[in-house]
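A.B. asks: Join the two chains into one complex using the hints; note that each chain is given alone, in its own frame.
Chains as they are written, first to last, in this note's numbering: chain A, 3 to 337; chain B, 8 to 189.
Do not rely on the hints blindly, as some may be mistaken.
Stated by the list, open to error - Selected chain A positions facing chain B (in silico; Cβ < 8 Å): (1) 97; (2) 258; (3) 312.
These aren't lab readings, by the way, just hints derived from the structure by calculation. Note that CB positions come from ideal geometry on N, CA and C, so glycine has one too.
In case you want the letters, here they are:
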Amino acid sequence: MMRRGLCAGVVSAPCLAGCTGIQTTLGGAGADDTSFIRLFATFLVVCLIMYVLVVGGLAAALANRKVLTVESGAHHESSPWLRSALIGWTVLVAIGLTGLTVASFFVDRSAAARAKHPQFHVKVIANQWWWDVIYMTPDVSQIVHTANELHLPVGVEAEVQLQSNDVIHSFWVPNLAGKQDLIPGRTTDIQLLPTKVGLYRGQCAEFCGIQHANMALVVTVESKVDFLRWLAQQRRPAFAPATPLELAGYRYVTSRECSSCHNIAGTPASGQIGPDLTHLASRRTIAAGTMPMSPGNLYGWVADPQSQKPGNKMPTIGLASNDLHAVVAYLERLK
Amino acid sequence: MSSHCRNSLAAMAALALLAGCDRENSDARGKPFGETIPSTSPDTVFPGGQKQVPLDPRLAAYGRNAFAIAQGQQLFGAMNCVGCHSHGGGGMGPALMDAEWRYGGRIDQIAQSISEGRPNGMPAWRGKLTDQQIWQLAAYVQSLSGQAPKDAVGSRAEELSNTPPQTQTKREPVLPSDSAQQ
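This is chain B alone, in the form it adopts within the complex (with noise of 0.2 Å):
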């Protein structure tokens, strides 16, 4: 092989490297329309027995994507999550970065949380904010406790933060109570 070959060979090669840099999409828009109408989906924590509901086709397309959990990022200090939850540690609210989930942990289960608010202050979201908002809020949510892949959270936090960046976040770990099973 000369060495012509050898050279347009390699080149090629890491040409062919270029198609790990693709990132996922951001896809600004959502799903066009009527996604403001309350979704089906029942709450998913029940007591007694563990019902099986089918997973969100949702949660895989929010829980890996950077531009939701970036988007989501600002919804959470621009819509004053901060105030009760502060930036995950908790206050008035509960810590968001810990490995405890009342109202369970997966994407879904924390939109709901968002969406219909839950007992002792935390406020209904529905119709304040769009479906998307509420996900991509979620998603960032989820990812406090460093659930979400390193290479989709932000290295640095937009405001001014004592904690560790989100890249050194510990991966709390996920109780069986709020396991996919649920």
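Next up, chain A with everything else stripped away, as it sits in the complex (with noise of 0.2 Å):
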């Protein structure tokens, strides 16, 4: 039996090593989480106490059982031990339940006191099966619209407010804070306050579709600097075709189907259906998270989304060879 568990204990031990990396609630990367992670652990330990203190105990009554047969009749006299040992466990429960209700309290009032100050405002809509990203500024000019792509400053409390055109989403950045769903027709909030430089990946975590897993939202903190430098390159419109095979791309995504639903800053691209394209080639990733970003994977994504991505919203156009090569030259060029 010890065996057994021992053995459970050793193959079940390399799946703790999933909790580490980009996508982890035991990340600590956000102010949240951080205090989350501390309650958690608080829990744990506290819970661990008692459960130990219930084994222990029964196992104890086991131990010291008492055959009591019908017919002895004899009524069995709990013994003063007991009495206080009974009385000890339920003040020691109450006491229990109590500190850690005060403690929920007190971590949630906290986390709401900060979520009171957010310095800037960030909107995300969700859509089956991707992220629209837009910063929000009084001035409608400077507003940032990207896809799938969340930059934070490290260290400011940001607000997200968070939509849906279809269906329910939630938005789950674990590394940095709890899950938040996205209901059309109301607007949600969550605050985030990154606390470590680095790269994180969101999922969405309520299931929304066929493509559901591949709804994925890259988190990029870095510092206040490199944060400002991203802001300024994302509010350019994009860049001018440079090549004659870009000018053709260029002549393609601006007059035929893909800007029915693409909008690329700039140009007569205006589509407001899918993402925007202002700046497709400085992002991670292609698709929420489906693949990498590489001439490559564009190439794939652009000649057949529907085997990239099976029955997401972009169909399948059969662009001719000579025109599937401007294209991807063409959205190569809008770093």
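C.D. replies: And the structure:
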């Protein structure tokens, strides 16, 4: 029995390795996340102590059991020792539960107090199956529109407003904070205060359709200087095509199917249905984290999105090979 | 027959009923390549005589397909058809939920109207949408007048709507001039 338990422990231990890296609830890279990890540890320790006491009491009772027969008719007299132990146990449970409730209350309130003073606003709109990310500014000409990438300056409280265009999704960047649902017709919000520079992965956490698993969000937490540099770069309109091939791609993209859904700032492509492509090539991934950004993957994606991410809303157009070369060359230009 | 045997038979019969739950496949990919090349079928509305045109095999595939109709409904909103046709009631553009079809009410005829455009304001969508999307839109437009089977249409609209759900839409009569003879 002991050996089997040991075996199970050894086998399950490597699973813990999954708890490190870019997507883990134990990352502690956000203020909320850190305080909740502490709360979790408190709960774990208290519950573990109680569990050991219960199992210990049960074991003691089993070891000292007395066989009572019906015929004997003897009324079992409880010992004074047992009585005081039970009273002590009840008091312990009351103290434990009260302590945990108070701890959880204060962690929750401190998070809420912190959330009262966000320093900037980001709007994240969930779609099947990608994230629309909009950096709100009072001056509408300075609004930055991107997709599937969230950049945050370290140590700055951000308020993320969450909306959905179709079904219920859930915004979850486990390294930074807990989950928050995105509900069609409503605006919800979540506060993020990242405390560590790094690259994290967010994931839709509410089943939202066939490509739910491929609905990821790359979160880059960087220094304030880097963040402002990124924001300024994203604010620029798209680069103009530089070569004849890019020009051919530009013509196709801005006049044909692509522009029905996609927007490229500074060009006639002004669709509002799909992800904004103004700085597509500067992103880390294609199709909401489905694959890393690379010329080869971009070719594969543009040629036949339905085999890369079956069921997604981008149709397979069936581009002729010269159009495909041109379109990819132009998209590569969109740094 | 023992009761055990009878029970197993009943269970197997119930299992066989599950086959009835089979719905159409959602073909996200469409016919893979070359769909945007304009179809060879000419306009199906002719002045004068009734010309026999063989029916497009896609009619059956799209007309009863819940997936196609749902996708078409999404495109109807996304491509701003609502701007002129409202949610079927019409406005600047003609109503789509009545029995009147100026250019034919079969899915291939509607697809032709969407793809090539029509005089007085209907823009051509060829090259802006894929053939598959145009056919999905056409399937949805046809369902607006209650032509599609009730198990294929959506029971609620994606957007705010003051019309009853499509499952309760009255089936408009198909006028003789719109029949499959055209």
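A.B. asks: So which of those numbered hints doesn't the model satisfy?
C.D. replies: 1
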